[in-house]
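Student: Chain residues, written in single-letter form:
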Amino acid sequence: MATAEVATHHDDTRHHDEGFVKKYLWSTDHKIICFQYMITGIAMALIGGFFAYAFRMQLAFPGMEVPLWGVVTPGDYNALVTNHGTIMIFWVAMPVLIAAFGNYLIPLMIGCDDMVFPKINRLSYQIFLLSALVLISSFFVEGGAFAGAWTAYPPLSSTAEYSLTPLGSSIWLIAVALEFIAFLLGGINFITTAMNSRAPGMKLYDVPVIVWFIVIASLLFMASVGPLVAGAIMLLFDQNLGTGFFDPTRGGDPVLWQHLFWFFGHPEVYVVLLPAIGISAEIITVFARKKLFAYRTVLNTAIATGVLSFTVWAHHQFVSGIDPRMAHVFTISTLLISVPIAEMVFVYIATLYGGSITLNTPMLWALAFIGEFLIGGVTGIFLGASGSDIYFHDTYFVLAHFHYTFFPIAIIGTFAGITYWWPKMTGKMMNDTLGKIHFWGTIIPFNFIFIPLFVLGLAGQHRRIYNYENFPDLALDWMFDLRIMATVALLVMIAFQVVFFVNVFVSLRNGKKAGNNPWKANTLEWVAPSPPGHGNFEELPTVYRGPYEYSHPDREEDYWPQNEPA
Amino acid sequence: MRPIANTRSAAGIPTGRLAVWWVLASEIVIFGGILASYIMFRLSHGIWADYAANTNTMIGATNTFVLLTSSLAAVAAHAAAERGDGKLAARRLVYTILGGGIFLCIKSYEWYTEITHGFTISANGFWAFYYTAAGVHASHVIAGMILMAFVAKDAAKNAELHRVELVGIYWHFVDVVWIFLFPLLYIAK
Ligand code: HEM
Ligand SMILES: [Cu+2]
Numbered sequence: 001m002a003t004a005e006v007a008t009h010h011d012d013t014r015h016h017d018e019g020f021v022k023k024y025l026w027s028t029d030h031k032i033i034c035f036q037y038m039i040t041g042i043a044m045a046l047i048g049g050f051f052a053y054a055f056r057m058q059l060a061f062p063g064m065e066v067p068l069w070g071v072v073t074p075g076d077y078n079a080l081v082t083n084h085g086t087i088m089i090f091w092v093a094m095p096v097l098i099a100a101f102g103n104y105l106i107p108l109m110i111g112c113d114d115m116v117f118p119k120i121n122r123l124s125y126q127i128f129l130l131s132a133l134v135l136i137s138s139f140f141v142e143g144g145a146f147a148g149a150w151t152a153y154p155p156l157s158s159t160a161e162y163s164l165t166p167l168g169s170s171i172w173l174i175a176v177a178l179e180f181i182a183f184l185l186g187g188i189n190f191i192t193t194a195m196n197s198r199a200p201g202m203k204l205y206d207v208p209v210i211v212w213f214i215v216i217a218s219l220l221f222m223a224s225v226g227p228l229v230a231g232a233i234m235l236l237f238d239q240n241l242g243t244g245f246f247d248p249t250r251g252g253d254p255v256l257w258q259h260l261f262w263f264f265g266h267p268e269v270y271v272v273l274l275p276a277i278g279i280s281a282e283i284i285t286v287f288a289r290k291k292l293f294a295y296r297t298v299l300n301t302a303i304a305t306g307v308l309s310f311t312v313w314a315h316h317q318f319v320s321g322i323d324p325r326m327a328h329v330f331t332i333s334t335l336l337i338s339v340p341i342a343e344m345v346f347v348y349i350a351t352l353y354g355g356s357i358t359l360n361t362p363m364l365w366a367l368a369f370i371g372e373f374l375i376g377g378v379t380g381i382f383l384g385a386s387g388s389d390i391y392f393h394d395t396y397f398v399l400a401h402f403h404y405t406f407f408p409i410a411i412i413g414t415f416a417g418i419t420y421w422w423p424k425m426t427g428k429m430m431n432d433t434l435g436k437i438h439f440w441g442t443i444i445p446f447n448f449i450f451i452p453l454f455v456l457g458l459a460g461q462h463r464r465i466y467n468y469e470n471f472p473d474l475a476l477d478w479m480f481d482l483r484i485m486a487t488v489a490l491l492v493m494i495a496f497q498v499v500f501f502v503n504v505f506v507s508l509r510n511g512k513k514a515g516n517n518p519w520k521a522n523t524l525e526w527v528a529p530s531p532p533g534h535g536n537f538e539e540l541p542t543v544y545r546g547p548y549e550y551s552h553p554d555r556e557e558d559y560w561p562q563n564e565p566a
Numbered sequence: 001m002r003p004i005a006n007t008r009s010a011a012g013i014p015t016g017r018l019a020v021w022w023v024l025a026s027e028i029v030i031f032g033g034i035l036a037s038y039i040m041f042r043l044s045h046g047i048w049a050d051y052a053a054n055t056n057t058m059i060g061a062t063n064t065f066v067l068l069t070s071s072l073a074a075v076a077a078h079a080a081a082e083r084g085d086g087k088l089a090a091r092r093l094v095y096t097i098l099g100g101g102i103f104l105c106i107k108s109y110e111w112y113t114e115i116t117h118g119f120t121i122s123a124n125g126f127w128a129f130y131y132t133a134a135g136v137h138a139s140h141v142i143a144g145m146i147l148m149a150f151v152a153k154d155a156a157k158n159a160e161l162h163r164v165e166l167v168g169i170y171w172h173f174v175d176v177v178w179i180f181l182f183p184l185l186y187i188a189k
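Chains A and B, in that order, are what the protein sequence lines are.
Following my numbering from start to finish, the first sequence increments by one per residue and tops out at 566.
Following my numbering from start to finish, the second sequence increments by one per residue and tops out at 189.
Treat the hints with caution; some may be incorrect.
[Stated by the list, open to error] Only pairs whose alpha carbons sit at most 25 Å apart, straight line, appear in this in silico SDA-like list of lysine to any residue:
id, chain 1, residue 1, chain 2, residue 2
1, A, Lys119, B, Ile13
2, A, Lys428, A, Val506
3, B, Lys157, B, Gly16
4, A, Lys203, B, Gly16
[Said to hold, decoys possible] Stretch by stretch, here's where chain A covers chain B in the computed footprint (C-beta under 8 Å, at least three residues):
id, stretch
5, 19 to 31
6, 121 to 128
If you're looking for bench data, these hints aren't it; they were derived computationally from the structure.
Heads up, the beta-carbon is just placed ideally off N, CA and C, and yes, glycines get one too.
Using the sequences plus the hints, can you model the full thing?
Tutor: So this is what it looks like as structure tokens:
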């Protein structure tokens, strides 16, 4: 039956020579759309990273000319910080983790030839690209780019009088809105494809964790972003039509924005977390050669996390004057959500336990993900408890905490995914030694950037201050030493990224041929040729078992592909 | 050429219908955000009831009637499409589009009179919500009309008849949103 399906399918365009534009820019192939998202996301990461470089230089060496930028003025500083945060979350983590990996993996891992709506898929990327261009354009308008922090709290964001960016703030908002539309369109594709287009025989519990997690993440995004879209419309009207939704002098309420923003903003953390933690699940079972421990529990946990994530948003508002009784409720729900997350980490450790572990580059990234994310999670407990958060709020402790969650998600998760699926995507192996050099050259400096920031935060260093020389308590020598340490570590880390690009280049040029299944993995994408052509599989697979049957006692081989009849 | 992905149905529901429901789910939370904010304000600002007294319930009721009737035409179009009568389905979709057009004309007249009486979007919080909520709704009416025009064009040639149902589901949603807006903005005074 499967062969018959393919015969009707691969009739025409497959072997035709399509022009460059049709093949790479105007394609509806989910794999090409993955690359488009991936490349755009990495380009935006370079921009967002460059911003981090510019303002970290300012923090370490106040007032100095920063090479490639010049003197960072207070206005520059705010615009850089704001757009760094915005870009890293919306134009790096989202497109790379959800859109790129989701596009690549969902059809391949459920054993079909494309997304259910290929044209909507293409449209979603095009709108995303437009949103990125709109955002970048805000740097070139009168008054410059938006400078009111990525959370865009009014009144700072709602009137040009305070934000000093008459156009930048509206352009920023429109860019974010376009980005949301792109992801809503993309998400509908992901959810319906995974629901409806699974290979014959593939039951819900035969679907790999990463696909489940991307689908749950898309659902979370869809359910949480609506109120923020509503808020964005109101904010846009406050900026341009003279309404006062968030202006207390006109009957509005700035805290309303905080509710609308964080009702989205907290689930958003799980939207980007789930794909990353899913990538590391796939890698850990393969390179431990063991069945993923408690597969069903992991899925239920992820769903529980998703549901709970809607009940915690006001932990961002403990100092916004909410009722202390409310603060208790949100403290409890926040501490509760650490239970399913911690459970996931335990599941991974249990999977590793007793496995025959291969420590190659993808595995190193996957393990580092867990270790570093753990630090983020544990420090989050201090911030989830209203009593301690009132002290920590808006210090560098918070900043270090959320970078210990976002860096593993956005950077470690991405490198784990790229290095693991690279042989499938390109047909070539990457160099493992270069990969390891890049790994250590990223992980070690990363900790040297952010551990000092925990210390500075505990010493009272406030976020979003441009020059600490003006505050005698924060201008101590040892504090400057730590700031310099963090900044130098960043420079080292940036320098090591060159190794990654060298590895990419060398691999594409001279890499060893990968073959279909170099890691001896079970999931369906490894059945397809490397790289898969248009239509993915030579013969569409039928599924006989779950994705994690490694080292099965009755078999000689230590793996058992999902499509192999018993 | 359509991918195989498009013809499979592991969940047993046609893919198009699934997708429309997901679109609506994401739309519900957008309107939910606006309406929840509005209700919170309404509850804590007693004076908004006085502002709301300036809306014209008669016009609102007429428009509700128009929109409901247009939904009826969409149901009839779906029935015709089920029977495979694309021509009739297309004609009935045109009636639905006309209903949307009448709705928008009445709405424009209503807004025109209100604005000339000084009730502009920046007059106060109530009017800000009034224009924002109804405006976002109206933009959905326009989007629905455009979509329906495309579907009707195909349906007239007996092509893509399943889309008649899908665009109908969307139109009913637009209708239901109005059913919420009408009491909240017009009746509660
Ligand atoms: C390793 C490279 C990075 C460095 C050195 C860095 C550094 C910083 C610093 C110092 C700030 C705060 C500046 C201030 O408040 O005055 C900041 C803000 C922020 N960063 Fe990063 N960051 C890095 C990577 C990332 C990544 C990967 C993400 C997310 C995926 C991210 C997300 C954010 C967000 C959301 C903010 C808050 C922006 C705001 O308050 O408006 N950063 N970063
Ligand atoms: Cu949160």
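Student: Compare the structure with each hint and give your call.
Tutor: Checked hints:
1. Lys119/A with Ile13/B: The given pair, whose Cα atoms are some 21 Å apart, holds under the 25 Å limit.
2. Lys428/A with Val506/A: With Cα atoms ~10 Å apart, Lys428/A and Val506/A stay inside 25 Å; holds.
3. Lys157/B with Gly16/B: holds (20 Å)
4. Lys203/A with Gly16/B: This hinted pair holds, its Cα atoms lying about 21 Å apart.
5. 19 to 31: holds (count 10)
6. 121 to 128: holds (count 5)
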